[in-house]
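Peer 1: Protein chains in written order, with the numbering used here: chain W, 1 to 262; chain E, 1001 to 1193.
None of these hints come from the bench; they were simulated from the model.
Note that this is a predicted model, so its numbers are computed, not measured.
Keep in mind that a hint or two might mislead.
[What the hints assert, rightly or not] Cβ pair distances, simulated, as ranges:
#: 1; chain 1: W; residue 1: L151; chain 2: E; residue 2: Q1018; range: 26 to 34 Å
#: 2; chain 1: E; residue 1: R1113; chain 2: W; residue 2: R218; range: 48 to 56 Å
#: 3; chain 1: W; residue 1: P134; chain 2: E; residue 2: R1094; range: 20 to 28 Å
#: 4; chain 1: E; residue 1: S1021; chain 2: W; residue 2: E245; range: 52 to 60 Å
#: 5; chain 1: W; residue 1: F41; chain 2: E; residue 2: R1094; range: 55 to 63 Å
#: 6; chain 1: E; residue 1: Q1018; chain 2: W; residue 2: P134; range: 40 to 48 Å
#: 7; chain 1: W; residue 1: L151; chain 2: E; residue 2: F1012; range: 38 to 46 Å
#: 8; chain 1: W; residue 1: D154; chain 2: E; residue 2: L1013; range: 35 to 43 Å
#: 9; chain 1: E; residue 1: R1094; chain 2: W; residue 2: P227; range: 30 to 38 Å
#: 10; chain 1: W; residue 1: R147; chain 2: E; residue 2: S1143; range: 54 to 62 Å
#: 11; chain 1: E; residue 1: E1086; chain 2: W; residue 2: P227; range: 46 to 54 Å
#: 12; chain 1: W; residue 1: K116; chain 2: E; residue 2: S1143; range: 24 to 32 Å
[Said to hold, decoys possible] Derived contacts from chain W toward chain E, CB cut-off under 10 Å, selection only:
#: 13; residue: F9
#: 14; residue: G36
#: 15; residue: E141
#: 16; residue: G142
#: 17; residue: E143
#: 18; residue: K145
#: 19; residue: R147
#: 20; residue: I148
#: 21; residue: T149
#: 22; residue: L151
#: 23; residue: D190
#: 24; residue: I193
#: 25; residue: M194
#: 26; residue: R212
#: 27; residue: V214
#: 28; residue: P216
We put the CB at the ideal spot given by N, CA and C, even for glycine.
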Amino acid sequence: MYYYLYDSFLADKKYERVLASVETRLTDLGISGKIGRLTAFTNARGLIRDEVRRGVQTVVVVGNDQTIAKVVGGLDDARLTLGFIPVGAPVEIARSLGIPEGVEACDILSRRVTQKIDLGMVNGHLFLSQVRMPGANVTIEGEGKFRITSLANDCDVVVSNLRLSEGAGERAEGSPQGYAVGDPMDGWLDALIMPRQGAFMGMFRKNGPGSRSVIPLRKLSITSEEPFEVEADGRQFSNNVVSIEIVPDRLKVITGRERVFA
Amino acid sequence: MEARFFRFDSPFLVVILQAYSFLRTLPRGRAALNHMFQKNAMPNREPGAAHEPETVIAASVKLEGDFQSQGNVLIEGVVEGSLKTERDLRVGERARIAADVHAANATVAGEVRGNLVVAERLELEPTARVQGDVRTKVLVVASGATINGKISMGAEAAAEEQRKPRPKTEQQPVAEKKTEDAVEKIMAPFITR
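Bound-form chain W, shown alone (with noise of 0.2 Å):
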C-alpha cells in the first residue's frame, strides 16, 4: 500500500504537468495510493503516523530534498521503505540514490529494489545525507577520546551520511575528489574538515584535495564557544553545541541503479 506524499511548492502550476505525467504512469503501474499533502498546518511526522496506523508501509516523498529531510526529520519510530519522486529542485539526494526527476522515477519505484542504509541524527533529529557547518570554529571532540582542532582561523565542517552525487553543483564540492565520503551503508559518519579561504585568496586557490581532513566517527560532538549555523539536509538552525551520532541500518529506501552507493 502507498502513500504519496506531496510537498506545498507544488501546488504552483508550473510543476501541474509533470504531476499529471507522474500520476498517469503510477496508474498505469498499478502503482498509485493515497496523497497527503505538506501544508502550513499539517506536518509529515502526523500525517505519516497517521498512515501507519491504517497500514501503509511504503511512503513516497514526491518534492525535493527539501522535502526529504522534512520526512526524514518527522519519521520516529516509525518503520517503513521510503521511495522518492524528485520534482523541483534541489534534487541532488535523489540524484545520489540513482533516482531520476520526474516521470522515469516511477519506473524505479515499480521495480522495488530496497536497500537498508543509515541515517544520522543531529541533536535529537534525523538526517539522511550530511550536516553542514560553514565558516565555523568549531573544536570536534570524536568517541569521547579525542579532540580536533582547526589550525587554520575558519573551516567548513561536513558530517556527512551519504555522499551527493558529483555534477551537484556547489554541494559536491564538499566531497573531496578521489575520496569515498559518505557510504550510508557502512555504519559510519565521515567529517570532513576544509580550512576556508577568505574571498581574494579563494578566486586564485581552491582548497585541494590534500588541504581536506577526512575522520570516519560513529559519534562526535561540535562546540564552539559562539552559536555557529548548522544546515541538515537542507533545514538550517544554530548552535553553539551539536550532538551528532549515527544510526546504523535505520530505514529502508527505494534505490536506484545509478546509486552512488554499492
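Dock chain E against the given chain W, drawing on the hints supplied.
Peer 2: Okay, now just chain E, sitting in the frame of chain W:
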C-alpha cells in the same frame, strides 16, 4: 592511406616514431600517451605506503587524544596522544606526531616523537625524524633519515610487543581492600604502636 606510408624507410613512419620518442621524454607527454593507450597511469604502490587512506589528518588540523582506526591513515598535521591503526600508516613530510604509534605497515617522512611499533614493514624516508624506540619486522631507512632510540627488528621483536603484559592499574581492587580492612580490624588490639 596508401601502403607506401607504412614501409620501414617511409619518411612518414620516421616522423611518427620521432614524435613518439620526443613525447615520451616529457612528463605530460607520457601521461597523454598512457591515457591514449588506456594504460594504468597510477604509479606502482610501494608496500607500506598508505594508499586510498580512509582517515586523513591534513596539515591544518591538530588531533589530541587516543585515536584508533581500522583502515589506512594519512597524517599531514599534528597528532598528540596515541595513534593506532590495524592497516597502513603514512606520515607526511610536514606531519608532527608526539604519540606512540602502532600500525601494520608504515611509511614515515615527518617527525615522530614516541615509540613506533609496526607489525610488518617500516620505511623511513629521507626527511623522517624519529625520536623514540622502534619495533618492526622489516626496516628500510633512506639516506638522511634520523632515528634516536632503540631499534628492535625481526618477527620476534614485532611479536614481543603483542605479548607484553598490560600494565596493572595503581588503584587496588575493591574486594582486596575490604579484606585488608577486615584483617586490620581483627589484629588492631594485638598491635602495639
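Peer 1: Confirm or reject each hint.
Peer 2: Hint check:
1. W:L151 x E:Q1018: 26 to 34 Å: violated (51 Å)
2. E:R1113 x W:R218: 48 to 56 Å: violated (29 Å)
3. W:P134 x E:R1094: 20 to 28 Å: With a Cβ separation near 26 Å, P134 (chain W) and R1094 (chain E) satisfy 20 to 28 Å, so the hint holds.
4. E:S1021 x W:E245: 52 to 60 Å: Since S1021 (chain E) and E245 (chain W) have Cβ atoms about 59 Å apart, the given range 52 to 60 Å holds.
5. W:F41 x E:R1094: 55 to 63 Å: holds (57 Å)
6. E:Q1018 x W:P134: 40 to 48 Å: This hint is violated: roughly 54 Å between Cβ atoms.
7. W:L151 x E:F1012: 38 to 46 Å: Violated, since L151 (chain W) and F1012 (chain E) (Cβ atoms, about 59 Å apart) do not stay within the stated range.
8. W:D154 x E:L1013: 35 to 43 Å: Violated: the Cβ-Cβ distance is about 60 Å, outside 35 to 43 Å.
9. E:R1094 x W:P227: 30 to 38 Å: holds (33 Å)
10. W:R147 x E:S1143: 54 to 62 Å: violated (37 Å)
11. E:E1086 x W:P227: 46 to 54 Å: violated (39 Å)
12. W:K116 x E:S1143: 24 to 32 Å: violated (53 Å)
13. F9: violated (39 Å)
14. G36: violated (41 Å)
15. E141: Holds, because the Cβ-Cβ distance from E141 (chain W) to chain E comes to roughly 9 Å (cut-off 10 Å).
16. G142: holds (8 Å)
17. E143: holds (8 Å)
18. K145: holds (5 Å)
19. R147: holds (5 Å)
20. I148: holds (5 Å)
21. T149: Status holds, d = 5 Å.
22. L151: holds (5 Å)
23. D190: Holds. Min distance 9 Å.
24. I193: It holds, given that the least Cβ distance between I193 (chain W) and chain E is near 6 Å, below 10 Å.
25. M194: holds (8 Å)
26. R212: Cβ of R212 (chain W) sits 6 Å from chain E, so the hint holds.
27. V214: holds (5 Å)
28. P216: holds (6 Å)
When each numbered hint is compared with the structure, violations occur for hints 1, 2, 6, 7, 8, 10, 11, 12, 13, 14.
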